[in-house]
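Visitor: Sequence:
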Amino acid sequence: MKKRRQLHLWIGLLTSFFILIEAITGLLLSEPWLIGMDKGERRPGMEQRASFSTREKGSLPSQSTNQSESVLSQAGKPGAISPEEDRGGFGLMGFIRGLHEGRIGSTNVKILVDITAIGLIILTVTGITLSIQIVRAQSRRKKTIKGVQDKVV
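Quick note on numbering that gives the first Met the number 0: the sequence shown kicks off at 0 and runs consecutively.
Derived from the structure by calculation, the hints contain no laboratory data. C-beta atoms are modelled at their ideal positions from N, C-alpha and C, and glycine is treated no differently. Please note that a few of the clues may not be correct.
Cβ-Cβ distance ranges computed for the label pairs, FRET-style [said to hold, decoys possible]: (1) I20 with V108: 39 to 49 Å; (2) I110 with T14: 22 to 32 Å; (3) R96 with I23: 45 to 55 Å; (4) F17 with V134: 14 to 24 Å; (5) T24 with L129: 15 to 25 Å; (6) K1 with M92: 28 to 38 Å; (7) Q148 with V108: 51 to 61 Å; (8) I10 with I103: 42 to 52 Å; (9) K1 with E21: 44 to 54 Å; (10) R96 with W32: 16 to 26 Å; (11) K145 with E100: 46 to 56 Å; (12) T106 with L13: 34 to 44 Å.
The calculated SDA-like cross-link candidates involving lysine to any residue, where the alpha carbons are at most 25 Å apart (straight line), are [as the list claims (entries may be wrong)]: (13) K109 with K1; (14) K109 with W32; (15) K1 with Q137.
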């Protein structure tokens, strides 16, 4: 039982750092204003990388078209591909992508996703601090037991 607790403690401590990073970066991607960017603002160099990848495939930059832009410009036209279909359809993948974009179907749940991310950040930080306190207490206890044993012998 003691070994399982120790295993749980250390696995939880190590993986909680990754959960914290995921929650923080997810919140920042969802709310770019937190780091001083506008929603539509793109980092410099993104277009260059996109045109480079299309040149590798054999097309010229002038011939390359951004599929999401063409989908958005055709929205509402008969036979046009909807953004939901372009992002993975209406199946499981579409649901997962929609959830990460802050929507379930046509319902906007962005605030709920943001609150969940903040909750994960708080729970993870408090879990890390509690785990560190436990590890320190275990270390002190081992030192105390070792010191008492040395005095007895």
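Visitor: Against this structure, judge whether each hint is valid.
Guide: A quick look at each hint next to the structure:
Here the CB-CB span from I20 to V108 is close to 23 Å, at odds with the stated 39 to 49 Å. Range check, I110 to T14: about 27 Å between beta-carbon atoms, so the 22 to 32 Å window is met. At roughly 20 Å, the beta-carbon separation of R96 and I23 lies outside the given 45 to 55 Å, and the hint is violated. F17 and V134 have their C-beta atoms about 18 Å apart, which keeps the hinted 14 to 24 Å range intact.
Between T24 and L129 the Cβ separation comes to about 23 Å, which falls inside the hinted range of 15 to 25 Å. For K1 and M92, the hinted distance range of 28 to 38 Å is not satisfied, since their beta carbons lie about 43 Å from each other. Here the CB-CB span from Q148 to V108 is close to 58 Å, well matched to the stated 51 to 61 Å. As the Cβ distance of I10 to I103 is approximately 31 Å, the hint placing it in 42 to 52 Å is violated.
Under the hint 44 to 54 Å, the C-beta atoms of K1 and E21, about 30 Å apart, miss the expected range. In this structure the supplied range 16 to 26 Å holds for R96 paired with W32, their Cβ-Cβ distance being about 22 Å. Distance hint check for K145 and E100: the Cβ-Cβ separation is about 55 Å, which falls inside the suggested range of 46 to 56 Å. Taking the beta carbon of each, T106 and L13 are about 36 Å apart, inside 34 to 44 Å as hinted.
With a CA separation close to 42 Å, the supplied pair K109 and K1 exceeds the 25 Å bound. For the hint linking K109 to W32, the alpha-carbon distance of about 14 Å falls within 25 Å, and the restraint holds. Under the criterion of a C-alpha separation no larger than 25 Å, the hint pairing K1 with Q137 is consistent with the structure, at around 12 Å.
The structure fails to meet hints 1, 3, 6, 8, 9, 13 from the earlier list, while all remaining hints are met.
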